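**Student:** Here's the letter readout for the chains.
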Amino acid sequence: MSPRVVFPNKILPYLLVAPQLAITLVFFYWPASQALRQSMLREDPFGLSSKFVWFDNFKKVLSDPNYLNSIQVTAIFSISVAAVAMGTALLLAVMAEKVVRSRGLYRTLMIWPYAVAPAIAGMLWLFLFNPSIGSLAYGLRWLGINWDPLLDGEQAMALVVAAASWKQISYNFLFFVAGLQAIPKTLIEAAAIDGAGENKRFWTIVFPLLAPTTFFLLVVNTVYAFFDTFGIIHAVTGGGPGKATETLVYKVYNDGFVNLILGDSAAQSVILMVIVIALTAVQFRYVEKKVHYG
Amino acid sequence: MKTLGFAAGVAATMTLLSSTSAFAVTEISWWHAMTGANNEVVNQLSKEFNESQSDYKIVPVFKGTYPETLNAGIAAFRAKQPPAIMQVFDAGTGTMMGAEGAIKPVADILSMGGQAFDKSQYLPGIVAYYSKPDGTMLSFPYNSSSPILYYNKDIFQKAGLDVDNPPKTWGEVWDAAKKIKSSGAAPCGFTSTWLTWIHTENFAAWNNVSYGTNENGIGGTDVELKINAPAFVKHFQELADLAKDGTFKYGGRTSEAKQIFLAGECGIFTESSGGLGDIVKSGMNYGTGQLPYEADAAGAPQNTIPGGASLWVFAGLPDEQYKGVAAFFNFLSQTPIQARLHQVSGYLPVTLAAYEETKKSGFYDKNPAREIPIKQMMGKAPTENSKGVRLVNLPQVRDIENEELEKMLAGQQTAQQALDNTVARGNKAIQEAIGN
Numbered sequence: 001m002s003p004r005v006v007f008p009n010k011i012l013p014y015l016l017v018a019p020q021l022a023i024t025l026v027f028f029y030w031p032a033s034q035a036l037r038q039s040m041l042r043e044d045p046f047g048l049s050s051k052f053v054w055f056d057n058f059k060k061v062l063s064d065p066n067y068l069n070s071i072q073v074t075a076i077f078s079i080s081v082a083a084v085a086m087g088t089a090l091l092l093a094v095m096a097e098k099v100v101r102s103r104g105l106y107r108t109l110m111i112w113p114y115a116v117a118p119a120i121a122g123m124l125w126l127f128l129f130n131p132s133i134g135s136l137a138y139g140l141r142w143l144g145i146n147w148d149p150l151l152d153g154e155q156a157m158a159l160v161v162a163a164a165s166w167k168q169i170s171y172n173f174l175f176f177v178a179g180l181q182a183i184p185k186t187l188i189e190a191a192a193i194d195g196a197g198e199n200k201r202f203w204t205i206v207f208p209l210l211a212p213t214t215f216f217l218l219v220v221n222t223v224y225a226f227f228d229t230f231g232i233i234h235a236v237t238g239g240g241p242g243k244a245t246e247t248l249v250y251k252v253y254n255d256g257f258v259n260l261i262l263g264d265s266a267a268q269s270v271i272l273m274v275i276v277i278a279l280t281a282v283q284f285r286y287v288e289k290k291v292h293y294g
Numbered sequence: 001m002k003t004l005g006f007a008a009g010v011a012a013t014m015t016l017l018s019s020t021s022a023f024a025v026t027e028i029s030w031w032h033a034m035t036g037a038n039n040e041v042v043n044q045l046s047k048e049f050n051e052s053q054s055d056y057k058i059v060p061v062f063k064g065t066y067p068e069t070l071n072a073g074i075a076a077f078r079a080k081q082p083p084a085i086m087q088v089f090d091a092g093t094g095t096m097m098g099a100e101g102a103i104k105p106v107a108d109i110l111s112m113g114g115q116a117f118d119k120s121q122y123l124p125g126i127v128a129y130y131s132k133p134d135g136t137m138l139s140f141p142y143n144s145s146s147p148i149l150y151y152n153k154d155i156f157q158k159a160g161l162d163v164d165n166p167p168k169t170w171g172e173v174w175d176a177a178k179k180i181k182s183s184g185a186a187p188c189g190f191t192s193t194w195l196t197w198i199h200t201e202n203f204a205a206w207n208n209v210s211y212g213t214n215e216n217g218i219g220g221t222d223v224e225l226k227i228n229a230p231a232f233v234k235h236f237q238e239l240a241d242l243a244k245d246g247t248f249k250y251g252g253r254t255s256e257a258k259q260i261f262l263a264g265e266c267g268i269f270t271e272s273s274g275g276l277g278d279i280v281k282s283g284m285n286y287g288t289g290q291l292p293y294e295a296d297a298a299g300a301p302q303n304t305i306p307g308g309a310s311l312w313v314f315a316g317l318p319d320e321q322y323k324g325v326a327a328f329f330n331f332l333s334q335t336p337i338q339a340r341l342h343q344v345s346g347y348l349p350v351t352l353a354a355y356e357e358t359k360k361s362g363f364y365d366k367n368p369a370r371e372i373p374i375k376q377m378m379g380k381a382p383t384e385n386s387k388g389v390r391l392v393n394l395p396q397v398r399d400i401e402n403e404e405l406e407k408m409l410a411g412q413q414t415a416q417q418a419l420d421n422t423v424a425r426g427n428k429a430i431q432e433a434i435g436n
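Protein sequence lines correspond, in order, to chains A and B.
Residues 1 to 294 (the UniProt record's numbering) are what the first sequence spells out, left to right.
Residues 1 to 436 (the UniProt record's numbering) are what the second sequence spells out, left to right.
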């Protein structure tokens, strides 16, 4: 159905994709193959002795209760981040649409946090909620909440989810605003004339028409929660307390770069790669079917 | 024309001269993890050494945090581009020692510099920690520290405690902490940085109880942890009980608790002697004392063990570089340099002569806190429990300890359960790390 571009020249198309292919080869396939190789080796940190162990590292990782805990943590974390970041962004986008005066200013302010680096975002939140010096921590204590994310795993999780979502809200907001603007005003006006209330108009017209945007953001946010939140977790909790906020990516880092168990770490990163590929495939295969592209 | 020709000749000769001297200078890279004032000390020392002679040039390179520096060094070694000198933190000592083919013992290098290496000149407690079981010194101690007790004199005053006599035993610390809390002098009585390094590794040495088999790993890599023994269980259960009403406040796994103490939230604090600088800078009315010990432990206080970092030299470099490294280490060992380093930075002096000189100068009369860690480490000859803790994967074991202790402090398990879990998980990790 989609229109096909036919090149008269046989080589030109390959030349045109060559730079992209080269980048993918150097920055994806090569490191990925290295990770695959490393995941089957058992080696000391300095590489002085090395033993090929086939899938032993995978067996070890998958039978490790800490790894299973880390999968659970990642699932909770990713779902929460995607839900909070997308829900808040959608709400803000719909609200910003309604603003009549200085709409541009509101939008700019909303987009701002996206420019903050993850580690810095993490530090900001860490300071705000630091049990001893954080200004917001005082507020929480005043409300009677025993705020101690250093020891309370659930509070620590809430803190990293909030920090990670906060950073992603701007990005989602931008896409939702664009999506909202693409919805023909006539549809909404017609519904209004037919007597549909604001809520009804949103759920029956706006939300379904936003589905392509929402779907795209779902994929992006999941990948974000999986990979790009490392800096925030590293700065805020360091995976603690206990192992309450140790996500899969954080565990790869911790086992590889802190504990210097390279084989385990590589095996984990290979598993992580498989998980993300599978997740994206599932999203495209099943969720996309329900998406209506206008 | 004549002058021009002359000038050209001079210029040409100069170029020749300078290029020949450039060929003769051997560059020696030094990767380190020092920030702020300590970074300036590194640069200053390198500059002084480079100006003191013309054969070698030390090039210091900042590589990030301690673990980042260690990783950078390991990656560089794997890529066959290692630096000559690398600063490695205490917990990385076991990792470096395990890599025998990758490093060159400092004792060998120092004797390559033409001077016989005399171990007796160095502080025994520190040298023992950085030596092989047979006594060969493997790395050069650069910045060493040991944990001591700090207290806030204003809070002590308010709580009606003796401002000039800090608590000596853990029992006394708990009593004072409770009094601080109940009198309302401060919201919390006691906090501490590094529960792992101070409350398990140093706790073991100071109270002369075993941390693990094989002399806590000094005698060999196959270690079975012993930190679920009654002495540790008692200590941590007391901490856990005090944590319930906030008399003890947990700050985090490394140095985070310093903020709590500096904010005036807690009255008593255990921390590295290297942390003194920040406390002085804060302008707090503080006092210092020895690390507390268990009153009923036989032979306590024994001696504390060093933390901080040492300088390691990679194997497989040209002889010229080793000679340069030897010259640099000999330069660092000089009494005036060591004495200055100790007085300016707060690190322990590496040589006995530097300690004696500082003592003679009356420095300790004005700065008693600087002598506490030295006295703690030199008081008694180390026993098999107090030479230090050395595990191939000490950072990993510390992580396990932290995780279990955090669960304990959150009230999810008792001290006995936390330490039993630590020992079980830690032993498994040690066996995997040594390849069994």
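Simulated from the structure, these hints should not be mistaken for laboratory data.
Everything numeric in this text was worked out from a predicted model, so none of it was measured.
Beta carbons are placed, not taken as given, at the ideal position from N, Cα and C, and that holds for glycine.
Be a bit skeptical, because a hint or two may be false.
Stated by the list, open to error - Selected chain A positions facing chain B (Cβ under 10 Å, derived; list incomplete):
(1) K59
(2) S63
(3) N66
(4) N130
(5) P131
(6) M157
(7) D228
(8) G231
(9) A235
(10) G240
(11) N254
(12) L260
(13) D264
**Student:** It remains to establish, for every hint, whether it holds in the given structure.
**Tutor:** Here is how each hint holds up against the structure:
no.	hint	verdict
1	K59	violated (13 Å)
2	S63	violated (12 Å)
3	N66	holds (9 Å)
4	N130	holds (8 Å)
5	P131	holds (8 Å)
6	M157	violated (13 Å)
7	D228	violated (20 Å)
8	G231	violated (14 Å)
9	A235	violated (12 Å)
10	G240	holds (6 Å)
11	N254	holds (7 Å)
12	L260	holds (7 Å)
13	D264	holds (9 Å)
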